[in-house]
Structures are given as C-alpha cells and as structure tokens.
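Student: Letter by letter, the chains look like this.
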Amino acid sequence: MAKQGLKRQQNRMALMLLTPALATILIFTTIPAFTTLSYAFFHWDGFQRGSFAGFENFSRLFHFPFREQFLIALRHNLLVFVGIFLIQTSLGIFLAYALFKIRRGQRFHRTVAFFPVIFSLVIVGYTWQIILNPFFGPVDYIFHSLHLDTFARSWLGDTSTALPTLVFINLWRWVGFPTIIFLAGLNAISTDYVEAARIDGASEGHIFRKILFPLLAPSMTIVTILTFIGAFEWFDLPYVLGGSSGGPAGATDTLALMFYRLSFGSVDSIANQIGIGSALGVLIFLIVGVGATLGAKWLRGREVEA
Amino acid sequence: MIRIIGSKLFWRSVLIFNAISVLLPVFFLVNSSLRSSTDFANNPMQLAKHPYWHNFAQVWQNGDFANFLKNSLVITGGSLVVILAFGVGAGFVLGRYQFRGQNLILGFVLTAMLIPAKLMILPLFIQLKWMHLLDSQIGLILVYASGSLPAAIFILSGFFRALPVDLDNAARMDGASEGQMIRKVLMPLAKPGLAIVTIYAAIPIWNDFFLPLVFIQSPEKKTIMQGLTIFFGEYASQWGVLFAGLMIASLPLIILYLILSEQFIKGLTAGAVKG
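Those sequence lines, one after another, are chains A and B. Mapping the first sequence onto this note's numbering, position 218 (from 1) lands on 218, and the numbers just tick up by one. Mapping the second sequence onto this note's numbering, position 89 (from 1) lands on 89, and the numbers just tick up by one.
Okay, chain A solo, but in the shape it has when bound (with noise of 0.2 Å):
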C-alpha cells in the first residue's frame, strides 16, 4: 500500500521534473533540426517560403556563382582541419607529455596551458588583430627594428598568409584543450607499464612511442572528432576577423560563413538565399556527421584495451 502511494508520488515527481527540460529541448533543438532539412527542398522568398523544390536547392548549389565559393570554401575547411589537426594535436601531446614529466610545479604550468580557452573568440581575434597589425602591432614593429622588413607584413591582410595566421591563432586559443585531455589520458595509463619496461631497460623515447602513445588512442580518438567539428562549423574567428565574406577577397572564407551569408545576406547582396544556405546547412551536418560517425568507428577500432 505504502509503496504503492510511493511509486504514483514518483511517477507525478518524474512527469513534473522531466517536462520542462524535455519540452525546452524539443521546442528549441529537435524541432528546429528537423524543419530545417525541410528547408532545403522548398523556394523561399525571403523569409517566406514557396512551392516546393525538389532538389533544386541542391543543385543551385553546385552550379555558377555558387559552386565556385563553395569548393574555394570547402578547400579552406578541409586546410583548416589537417592544419589544426596535425599542429594542434602534436603540440597538444607534446605538452601534456611535458606537463606529466615535470610533478614541481604542475599545476601552475597547467592552469597556465588553459588559460587561453577561457577567453571569448572576439577577444582573441581582436587581441590579435592589433598584435599583428602592420602599421602599429608589435610583431611587425619588431621585425622593422631588427631590419628584417620582409619578414614585415599584413598578416591577416595579405591573401597568403590570412588563412595560416588564423590558424595560428586558433592554436594559441585551443591548445590547452587538447594538452588536458592527453594529460587526463596519460595520467589514467596504468605505471605497473611504465615499472615494467623501465626494468627491461627501455628508454624513455621508446616508453613512450610503445607503451605510453599507443595507449592514448582514446583520448585521441575525443581530440581528433571534436577537431573534425570544430574545423567544419569554423565560423566565429574568421568572422571577427574577415567578416561575413572572408576577408581579404575570400581567403578566410568556410562554409559556414558562406551558409551565414547565404541565410542572412551580406555586404554584397542584402538579398538572402533560404533555399540554397538551407541546403549547404544539411551538406555540412552531412559532412561533419557522416565524417565523425565514420572517423569514430575507425578510431575506435585501433584503440587498445588499457
């Protein structure tokens, strides 16, 4: 009987306390995921939407002025993600690696690595902006007093070297993130391995390459999916410094700034595109989906029970 009267005062506490988280969640993210492939298959005019348009959207999409912007754009994301990926993630291990040699200490040296991920990306990009600047930023102000004014530029506004610089930033920003993740993973790493080789004799360069880096796959395998995202929803740095279009003349543009544009309008044309962005937002949830799902299967397959 009591128990009874328990379990309806349970079942009228879960209904209570589960509504409003799950009703703001529909309302706001499963509704909106699933209307906005809709999107893509209709006319718009405006904001207001039209008959219905098969894959026209699509192929919209893949012919003149389109095409163009979007494989310069595709290009840049994918320069980004092995960019990102492969500079990120080596410094990423190499300072954890560091961070787990050096106990006096460490934690200073960690708080320190993270520091920059806490900061917002307009700050960062502004910050930078001004450090880089040709006529008043340190960087150039130094390679001027030193005479090496060819190493003197406009870095984020010479078409060769925006897209480097931003990634260069995007590195100061987020490598403290990569760095904690590998350091949780080599912390988690049994020492009974470590004891084990060292008595045999190995060095510590082979520890690492045989036992310790095998061993990090997991961590890893978190590092390299949430790369591969944030390398494909690119938007907020090259935003704040080359605008909606991807300054200079579209050398930082992605494919998210395109589908900005194309959603909200731009500098150039104030007309926006509903149809055609709504088809590129369900190509790149394809992209960054299929590609993580694929990339997970396999990173996972290599990884080795610690």
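It is worth saying that the hints were derived from the structure and are not from the lab. You may find that some hints are simply not true.
As the list claims (entries may be wrong) - Taking lysine to aspartate or glutamate and the DMTMM-like style, the derived pairs with C-alpha atoms no more than 20 Å apart in a straight line are:
{"#": "1", "chain 1": "A", "residue 1": "K7", "chain 2": "B", "residue 2": "D168"}
{"#": "2", "chain 1": "B", "residue 1": "K8", "chain 2": "A", "residue 2": "E204"}
{"#": "3", "chain 1": "A", "residue 1": "K7", "chain 2": "B", "residue 2": "D174"}
{"#": "4", "chain 1": "A", "residue 1": "K210", "chain 2": "A", "residue 2": "D200"}
{"#": "5", "chain 1": "B", "residue 1": "K129", "chain 2": "A", "residue 2": "D45"}
The structure displayed is predicted, hence computed values, not measured ones.
With chain A held as given, fit chain B onto it using these hints.
Tutor: Relative to the frame of chain A, chain B by itself:
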C-alpha cells in the same frame, strides 16, 4: 640529442616556453590598456610606467558599454537559472528513478546533444519570430538553455546515479517527501556536479557572439561580445580605449579562472572526458 630530450630540464624549458607564449599576449593586452593611444601608436612595445586610467573611464562613460555588460550578465545568469532548475530535476529523475521509457528519453537527450546549433539557426530564427521571441532576451535565454540542457542532464544524472540508494530510503523513512529529499539530501551531495554544469554552460554563453548576432537587433539589447564589434568600429585607432574595452570584457572570467581554475578545467572539458 636523445639525452637532452630525456632530461627533466628539457621538459621544464618546454613548459616555461609555453607559459611565456600564453602569457605574453595577455600581458600585452593588460599593459596596453594602461597606455594612452598616442603613446601606443609611437611605440607598441613600451611598459606602462604611469598607468593611464583614463582609458577605462572613457569606456565606462560610453553608456552603451556598461549596458552591454549588464545584458550579458542578465542573459548568462538567466540561462544558468533555467539550465540548473530544469537540469537538476531531469537529471535526478533519469539518474535515480527506474521507469518504462527511460532509455527512450535518454536517447532523445543524447541525440539533441549531437545537433549543431549553428546549422538550425534559420528555422530557429523563423520559429522565434513566430513566437514573438526574436530580438528578445527571454528568447535567447531559452535557446541557450536548450543548447546546454542535454549535456547538463547527462552530467547531473551521472552524479545522482552515483549517490548511494540508502540515502533515499533513509530520507523517506524519516517522512521526507521526494521534493524535500532532492533539496535537503541529494542536492548538497551533488554540488561538484552543479559546479561543473555551471561552468560548462556559463563560459560559452558569456563568450558567445553568434546567437546574439543573429537573434538580437536592438542596440540596447546587445551582449558584450556583440557590443565589442560595434565598439571597435566606433573607437577605431583609439588603441588605449580599445584595449581597455577588451580588458573589461575579459576581466570577469580572468578573475573567476584565477580563483576556480580546477573547476574551470573540469567544467570546460566535461563534454570530452568520461566520468
């Protein structure tokens, strides 16, 4: 070569070098905010020997800036209230009760976690317009809450699940209602979880500028990060004032990080590391 790489000295120098790379730009920001604009334009590399506080006064006197800060506080605070209130309830039920359809609900929450907010911005925009929640702080708060709730529920249900079942039975024996049991017994024990969720949600919301960029049009409702982009247009080449503006916008998080760095690191990596 191998000897050098194996030595503690090498790894310690790596860390010191990294600390300098991280702290130098931050030091540059702080230092430059205390120099007059003409002084900075003459030479960007000098120390601020006589702090020029006027920059900060000028930022503060620009009425908009203080208002941007207030808006960010309202939006971040409001989102946190919703996330914690709704998240604790749902986390408790999913972590502590057993009922039919539980896995279905967990699946629903986990799926929502995978949906990127940026890509559904269009339907959300049109939906908010239809709900009269466009250009509204409440609308923005609800969108942020919805974005952070799935992970919050996931983290909190884990915390609630880990607490011993005997606690509930003891509290019920003493005649506590389910609501009292949550508030008086379980909530205090789940405090580390609440701290993680607070930081996990608060930092990205405070720092975000994409959603306000799209959803907020009235100048008086804009957030600090959005306001900075306006501010940079208004005060172009008044370097001292720009730096002071960047300092004020980042100071709240810097101070909190200095006090709560461990919780920050745990909170911001909570989505990535299990348990």
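Student: Hints first: check each against the structure and report whether it holds.
Tutor: Verification of the hints:
1. For the suggested pair K7/A and D168/B, the alpha carbons sit about 13 Å apart, so the restraint of at most 20 Å is met.
2. A threshold of 20 Å between alpha carbons decides the hint, and for K8/B with E204/A the separation of about 12 Å falls inside it, so the pair holds.
3. A distance of roughly 17 Å separates the Cα atoms of K7/A and D174/B; the hinted pair therefore holds under the 20 Å criterion.
4. As the CA atoms of K210/A and D200/A are separated by approximately 13 Å, the hinted pair is consistent with the 20 Å bound.
5. Between K129/B and D45/A, the direct Cα distance comes to roughly 16 Å. Compliance with the 20 Å bound is thereby established for this hinted pair.
Hint compliance for this structure: every hint is met.
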